[in-house]
Amino acid sequence: MYERTALTAESVTVSQPKRRRGSFLSRIKIGLVTCILLAYFLSIAFPLIWMIISSFKETTAIFGDSWGLPREWLFQNYKTAWEQGISKYFFNSVFVTCITCFLTVLFSAFTAYALSRFEFKGKKFFFLFFAAGLMFSPQVSLIPLYQLIQDTGLYNTYWALILPYVAYQIPLTVLLFRAHFFSIDKELEESAFLDGCSSLGVLFRVILPLSTPIILTATVLTSFFAWNEFMFSLVFIDDDALKTIPTGLLAFRGAVNTDWGVMLAGLTLSALPIILLFIFTQKYFIRGLAEGGVKG
Amino acid sequence: MVGKKMTPYLFLVPSFILVSLFIYYPLIQNIKYSFFEWNTFSAIQEFTGFDNYQKLFKDKVFYQSLKNNLLFAAISMLFQVGGGLVIAAILEDTVFKRFSAIFRTVYFIPVLISTSVIGLLFNFIYTPEGLLNQFLQSVGLESWATGWLGNGDTAIYAVIAMSQWQSIGYIMMLFIVAIQKIPPSLYEAALLDGASKVQVFLKITVPMVKETAVVASVVTLSGAFLVFNQVFILTNGGPGQASEVLGTQLYHSAFVNGDMGYASTIANIIFVITLILSILQMKLFKTEKE
Chain A
14 MYERTALTAE SVTVSQPKRR RGSFLSRIKI GLVTCILLAY FLSIAFPLIW
64 MIISSFKETT AIFGDSWGLP REWLFQNYKT AWEQGISKYF FNSVFVTCIT
114 CFLTVLFSAF TAYALSRFEF KGKKFFFLFF AAGLMFSPQV SLIPLYQLIQ
164 DTGLYNTYWA LILPYVAYQI PLTVLLFRAH FFSIDKELEE SAFLDGCSSL
214 GVLFRVILPL STPIILTATV LTSFFAWNEF MFSLVFIDDD ALKTIPTGLL
264 AFRGAVNTDW GVMLAGLTLS ALPIILLFIF TQKYFIRGLA EGGVKG
Chain B
512 MVGKKMTPYL FLVPSFILVS LFIYYPLIQN IKYSFFEWNT FSAIQEFTGF
562 DNYQKLFKDK VFYQSLKNNL LFAAISMLFQ VGGGLVIAAI LEDTVFKRFS
612 AIFRTVYFIP VLISTSVIGL LFNFIYTPEG LLNQFLQSVG LESWATGWLG
662 NGDTAIYAVI AMSQWQSIGY IMMLFIVAIQ KIPPSLYEAA LLDGASKVQV
712 FLKITVPMVK ETAVVASVVT LSGAFLVFNQ VFILTNGGPG QASEVLGTQL
762 YHSAFVNGDM GYASTIANII FVITLILSIL QMKLFKTEKE
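These protein sequences, in sequence, are chains A and B.
Take 14 as the starting number for the first sequence in my numbering and just add one per residue.
Take 512 as the starting number for the second sequence in my numbering and just add one per residue.
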């Protein structure tokens with residue numbers, strides 16, 4: 014992402030003599046484009062900043078004095094939101110997201126290991142089986158999935174979310190892992206085999222330690238998906254005590270009714286973790302996005 | 512020796528079971544269900560052939576949904592694929608490169624936030640006394656003010672607008688990654704030849720990111736036909752059925768009316784549309800490589 018800065022600095026100096034000719038006109042153009050960028054920037058940033066600032070206000074001030082700062086910063090809005098249900102949904106989301114990530118990474122690593130290091134009958138079929146899984150989206154299968162979740166007794170349990178989440182993440186993560194495993198030098202594994210390591214041992218002691226970036230990419234993408242997923246959570250979970258944040262928020266809206274400051278505090282709390290995660294793991298996130306996008 | 516032969520299969524077992532059970536099995540079941548009259552309230556399941564499909568093609572709501580999905584698709588192509596590409600090209604331009612990190616990050620933030628948060632936030636923007644109307648009032652356009660979500664003429668546009676706000680950053684990021692892979696020497700040569708920025712964009716950037724553009728278009732179009740969350744949270748298809756899309760119609764058929772067979776039929780229509788898009792993408796890539 015950032016390593017090209019040196020090259021672009023060079024190209025700036027190369028293109029300079031050309032630009033001097035129409036410098037007045039091009040300055041106007043640059044100014045115009047900058048205005049568009051800033052306008053778009055504001056249209057994104059303003060609602061989010063408004064959400065944060067208004068979350069410290071009392072209800073009457075939110076629409077009465079929409080654009081101003083709070084006269085008094087009501088931190089208790091956050092305390093109320095947390096106690097009114099956000100804490101519960103938060104815990105559910107953290108739990109579901111963590112287990113989903115763990116299982117997705119584990120099973121995808123297993124699968125990619127088989128597909129990249131073994132010769133066996135049906136290898137090509139299995140590869141296509143997983144790769145083609147990328148084409149199918151959960152919306153289309155909602156009714157049979159609902160029936161399946163009912164029949165297997167998973168309805169209204171955490172597993173009703175975790176298992177489908179893992180299943181729908183596997184095709185993408187298998188492709189990510191497989192591509193990475195091919196790039197790892199096989200000599201290391203061979204010497205580990207000679208030392209008497211089992212194939213499971215080779216995976217855990219040799220290959221996975223060399224795969225931290227791809228494990229992080231898979232984890233970040235999976236947590237993003239599991240944290241924000243809405244439809245399964247809406248249809249497979251009925252018990253308020255088990256709802257994750259996206260559906261919990263709808264119940265929360267009903268519970269706080271017209272206490273808008275508390276409502277906005279709840280929204281801010283729900284959005285925060287994933288934004289922080291993104292800021293700290295941007296590199297892995299964008300890598301996954303690029304590879305997932307191009308292969309999806 | 513038998514144990515050794517089994518090893519790769521053992522590694523495949525967990526993923527294979529999950530993907531079969533949750534991705535492939537429901538697809539097949541879905542086709543089966545669409546040929547049944549099956550109501551959760553009366554608990555009868557009866558084979559009725561193509562009745563559900565006939566009913567669907569006569570259903571006014573279905574055409575309303577389809578129209579809204581097409582609207583979603585057209586506007587999203589313009590703003591997400593078109594707009595996303597232009598913004599990506601601007602941010603990667605040498606002039607704006609210095610500031611691009613902050614713009615890029617902020618433009619991308621809405622992609623990360625769950626639709627529930629964004630939907631509930633946009634409720635504050637769209638309500639009659641909300642931010643949008645206050646803004647219109649302050650710039651003297653109060654005659655435009657309306658209850659954006661309660662008005663049948665504006666509801667679907669309000670939802671689509673929020674969806675653009677949320678998703679342009681995603682497509683933009685795909686294009687940024689693609690543009691960064693273009694060798695800088697191409698640009699330098701073109702600029703030395705005296706090409707303008709617009710010419711460089713059309714002659715170099717666009718052809719070089721064609722592959723990403725195809726992927727972005729397919730992702731955007733499929734997304735437009737699969738859309739559910741945004742509509743469900745903002746309008747739930749209303750007022751009346753003005754902003755209904757296939758996804759919400761499916762949900763209402765199944766979980767409000769209990770008509771599972773009919774809902775599966777709608778799901779199959781969505782499935783066929785997205786499948787055609789996926790096949791189109793593969794075909795386009797094949798011709799590219801030849």
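Watch out, some of these pointers could steer you wrong.
[To be verified] Here chain A is said to cover these stretches of chain B; the calculated rule only asks that three of the stretch's residues, wherever they fall, bring their Cβ under 8 angstroms from a Cβ of chain A:
(1) 530-541
(2) 674-688
[To be verified] Lysine to any residue pairs mimicking SDA-like chemistry, simulated, CA-CA at most 25 angstroms apart:
(3) 296/A x 515/B
(4) 543/B x 160/A
(5) 515/B x 160/A
(6) 136/A x 797/B
(7) 721/B x 675/B
[Unchecked claim] Which chain B residues face chain A? A few, computed with CB under 7 angstroms, are given here:
(8) 519
(9) 526
(10) 614
(11) 753
In short, the hints are calculated from the structure, not lab data.
Where a beta carbon is used, it is the ideal one built from N, C-alpha and C, also for glycine.
* **Hints breached by this structure** => Numbers 3, 5 and 11 - these are the hints that the structure violates, sorted from lowest upward.
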